[in-house]
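S.K.: Given next are the chains, with one letter for each unit.
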Amino acid sequence: MTIEFILNNKKVKIESPAYQSLLDILRIDFNLMGTKSSCRSGECGACLVLVNRDLVNSCLYPAFKVHNKEVLTIEGLASLKEYQIYENAFTELEATNCGFCTPALIMATEGLLSHNNNPSDEEIKDALSGNICLCTGYDKILLAVKEAAKLKRKKKNVR
Amino acid sequence: MSDDSIILRPQNIHELLVMANEYPLAVIYAGGTSLFPQISSGLKEIPSHTISLEHVQEMNHISRTEKYLEIGARANLEKIYSIGPPVIPDTLLKAIRETASPSIRNISSIGGIICSGKGSSSILAPLYLFDTLLEIRSLSRSRWIPISRFISEKGSIQLREKEVLTRIRIPFGEWNYQNYRKSLYNSKSRDESLSFCACIRLSKNIILDLRFAFGGVSKRPFRNREFEILFLGKKIPFRTEELNALISELQFYLSPKDEKEKPIAYQTRCALEYCRYFFEEINLGIHHIPG
Ligand SMILES: Cc1cc2nc3c(=O)[nH]c(=O)nc-3n(C[C@H](O)[C@H](O)[C@H](O)COP(=O)(O)OP(=O)(O)OC[C@H]3O[C@@H](n4cnc5c(N)ncnc54)[C@H](O)[C@@H]3O)c2cc1C
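Heads up: the sequence lines are chains A and B, in that order.
Position 13, counted from 1, in the first sequence is what our numbering calls 13; the numbers after and before it change by one each time, with no gaps.
Position 274, counted from 1, in the second sequence is what our numbering calls 274; the numbers after and before it change by one each time, with no gaps.
Hints in this document: simulated from the structure, not taken from any laboratory.
You may find that some hints are simply not true.
[To be verified] Capping the alpha-carbon separation at 30 Å, the derived lysine-lysine pairs in DSS-like fashion look like this: (1) B:Lys94 / A:Lys155; (2) B:Lys79 / A:Lys146; (3) B:Lys44 / A:Lys13; (4) A:Lys125 / B:Lys94; (5) B:Lys94 / A:Lys140; (6) B:Lys182 / A:Lys69; (7) B:Lys94 / A:Lys146; (8) B:Lys44 / A:Lys140; (9) A:Lys150 / B:Lys44; (10) A:Lys154 / A:Lys125; (11) B:Lys182 / A:Lys125; (12) B:Lys79 / A:Lys10; (13) A:Lys125 / B:Lys79.
The structure presented is a predicted model; accordingly, all values stated were derived computationally and were not measured.
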């Protein structure tokens, strides 16, 4: 079937089987490798992207649902100015190690901070509860998310 | 991947029912968090027709009257959670928060959970607790049935060909205290858990109503009115001996008649302990619980 959608702010059109996953579309059709393929069952969270600003597991999202939607991947986010905030927070607080899960962690952070710029620890833990990181440990990640929130508020001059 | 699925996108309930009538073997696709992994892994064949609920606005609607809360079957868990208290009962809010992660809750629908019919779902027990009703519709008829009759003892759902779950109705109750707990017992599967919920209505420390529901102890959530009635008219706090006697009674009720259905010891023990905690909390917090 023909699927038209907005990918990282650009209109795109592809032919795809209805039940191909968005994950495969991103990686195979568009060569966007920042969205990682791992468990393919929604358990690990390595494939998180934003669809119409909602965080979703792209491995559980079929092509037919992507039609007419707006998809933002880590590559799209990285092209925006405010991505610097995430890069600074995650590197300065050493919240990344092997880096495999980092793009999805940043997408989950964006998903959270876009509607809550001052989350509590509990809210951060819930927001990241679908992301598995096997090497960094979650404490530093939590601190990085708090730092990113702080930087975002500062940028917007909100306390 | 070969793919021949024709995607039907009804815009309202009437169109949906017409399509379900015309294509009785079509797959009803809500969030797909249960369906999609089965299809993409080859466990389930790609359906020839898929009816997507995505554009059926009425089924995404959440409303309330004085007596009950009504949730469209396609409403996703995050949307329900965002409505918050007091419209959404505490127990259901806690259950949603304990279910999967935001990215899954953004897609998975309450109707999909009910129609998956998994007794171990962390969301079903609260729906049993509040005597939830389900609206089931087909082109030719519409019926409301209690959720306790929707899932059979063997865990299969009572949905006939061409029928769709459209609305979920949760009656409001005046509860002085509600409680929800969940624990995972299968590390390989996050959707297999033991869940416990309870609510109590008191007047001058006398129990006017008390309900318990458990998910994960059998093929469908467990709730037993006979057991609950034992508590009516009793005064709290409970003495230790009284509490022990009630917990043993619960153990009796939790033991299924059919030996094959027996829940594993861990789940039963957890269920009993959660129930004990609930009473201990009531005993301890008696001065803080209004009523
Ligand atoms: C990573 C992960 C973690 C999870 N964790 C939990 C958890 O902690 N607790 C828990 O309870 N569950 C959990 N789940 C299970 C999840 O809740 C279910 O997969 C989901 O809710 C099903 O809803 P859906 O809208 O995605 O349904 P779908 O996958 O779209 O449908 C499921 C079934 O219901 C049918 N159906 C759906 N809607 C209707 C309707 N309106 N009328 C008739 N039939 C219908 C479909 O045809 C299909 O057979 C988890 C799932 C994943 C992937």
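S.K.: Hints first: check each against the structure and report whether it holds.
M.R.: Status of the hints after comparison with the structure:
no.	hint	in the structure
1	B:Lys94 / A:Lys155	violated (34 Å)
2	B:Lys79 / A:Lys146	holds (25 Å)
3	B:Lys44 / A:Lys13	holds (28 Å)
4	A:Lys125 / B:Lys94	holds (15 Å)
5	B:Lys94 / A:Lys140	holds (27 Å)
6	B:Lys182 / A:Lys69	violated (35 Å)
7	B:Lys94 / A:Lys146	holds (24 Å)
8	B:Lys44 / A:Lys140	violated (41 Å)
9	A:Lys150 / B:Lys44	violated (46 Å)
10	A:Lys154 / A:Lys125	holds (22 Å)
11	B:Lys182 / A:Lys125	holds (17 Å)
12	B:Lys79 / A:Lys10	holds (28 Å)
13	A:Lys125 / B:Lys79	holds (19 Å)
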